[in-house]
Amino acid sequence: MGDTEDGSKPKKIVFVSVGTTCFDALVRAMDTQAVKQELFRRGYTHLLIQMGRGSYFPTKFGGGDGSIAVDYFTFSSSIANHLRSASLVISHAGSGSIFETLQLAKPLIVVVNEDLMDNHQSELAEELTERKHLYCSRPQTLHQTIVDMNLESLLPYTPGDATPVAKIINRFLGFPDD
Amino acid sequence: MALNLAISILVIGIALTLIRLVYVIARTGKPLKPTGRGASQPIGTLIVLGSGGHTAEMLNLLGRLPKDRFSSRVYIAAATDNMSLQKARLFESSLVKEAGEKVVEASQFFQIYRSREVGQSYLTSVWTTLIATAHALWLMIRIRPKVILCNGPGTCIPLCIIAFLFKVVGIRWSYVFYIESIARVQRLSLSGLILYKLHIADQFFVQWPQLQRKYPRAHYVGCLM
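Chains A and B, in that order, give the protein sequences. Numbering follows my numbering, with no gaps: position 92 of the first sequence is 92. Numbering follows my numbering, with no gaps: position 31 of the second sequence is 209.
Hints are not guaranteed to be accurate.
[What the hints assert, rightly or not] Derived coverage of chain B by chain A (criterion: at least 3 residues anywhere in the stretch with Cβ under 8 Å from a Cβ of chain A; other residues may be distant):
{"no.": "1", "segment": "201–213"}
{"no.": "2", "segment": "270–277"}
{"no.": "3", "segment": "301–315"}
{"no.": "4", "segment": "337–345"}
{"no.": "5", "segment": "354–367"}
{"no.": "6", "segment": "375–387"}
Rather than coming from a laboratory, the hints here were simulated on the basis of the structure. Every residue, glycine too, gets a C-beta built ideally from N, C-alpha and C.
Take these sequences, add in the hints, and give me the full structure.
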């Protein structure tokens, strides 16, 4: 069903976000034919990449011709809008980006940057993978993750709540409960 | 004779310092007696922000705290972090809109030198930490907060250690609340580990049950985000 002719096809956007630094390995992985073809086969029509300070520029493509349209930008103050209009989000492993996406109930693949020195970031992605809220991948396994993923099996994330902490702090300081 | 006297003074001095130190450590983590005082006595609160999700988590918590009690809020973020204070300012102005003039109690915003950049080696961190500490001391003398809220950025370490020394010396008794970042599932951050091990945090919160099992003095409070 993925390889129908274009035209009337609804817009389905894959939004890729690398955050405030650079993550060329991810952008490069997104720009491979294998990944782009697989995304197109799955019905995605547009690939939009936020590439941050990276030095690898993906190939822009207007779409049609049986391929996914590709566009990119470096930074934007309206990441939230891009997330909202996306059908699939592929993101770096920063907690801000992860929870912003989950709270919008968007399917998410987190790609861990293995070049970071203190790589605690995979902890969160792996825990949330275990809880079936997202898929976790690396740049070199991204294609396989996209081939294998089944978005229906992901569970919605219930946003957390800071009230318990606030309560303990209040009580500790001797404030009466409201 | 004079030498003997000097030695005895020194010994007594060290003994008194140790006693004070033990007292401070023992008192840290003990809750205040509940009193009927409500909004009448606002508490000067220092809020340490940081990029990479820390600020979002912190503002989320602040949204749940009674603003009239934790008023005269002071925000601190790293000098290299342009976004965090901007977000805090937005948060504060949204409060003003919400509650009118009641919370206009001016909040303050400061930037601080960072002790360690992401990716910086631990060796060169020693030197940068010294500079950051001096700057932190200057800021802490100016602010002298009653409550410190932090959740992991390295900038909170000098601030919290200075707050602890202020308690020992008797300049200001303060309460440190540490909420480990949601990104930490298996291991504490370096900041968290230091504040936990040195008993500097009055209350220590973690967002994942695995961490609570490893650090039993921590409160497990579930995810904040």
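Hint-by-hint comparison with the structure:
no.: 1; hint: 201–213; result: holds (count 5)
no.: 2; hint: 270–277; result: violated (count 0)
no.: 3; hint: 301–315; result: violated (count 0)
no.: 4; hint: 337–345; result: violated (count 0)
no.: 5; hint: 354–367; result: holds (count 10)
no.: 6; hint: 375–387; result: holds (count 5)
Hint compliance for this structure: hints 2, 3 and 4 are not met, and every other hint is.
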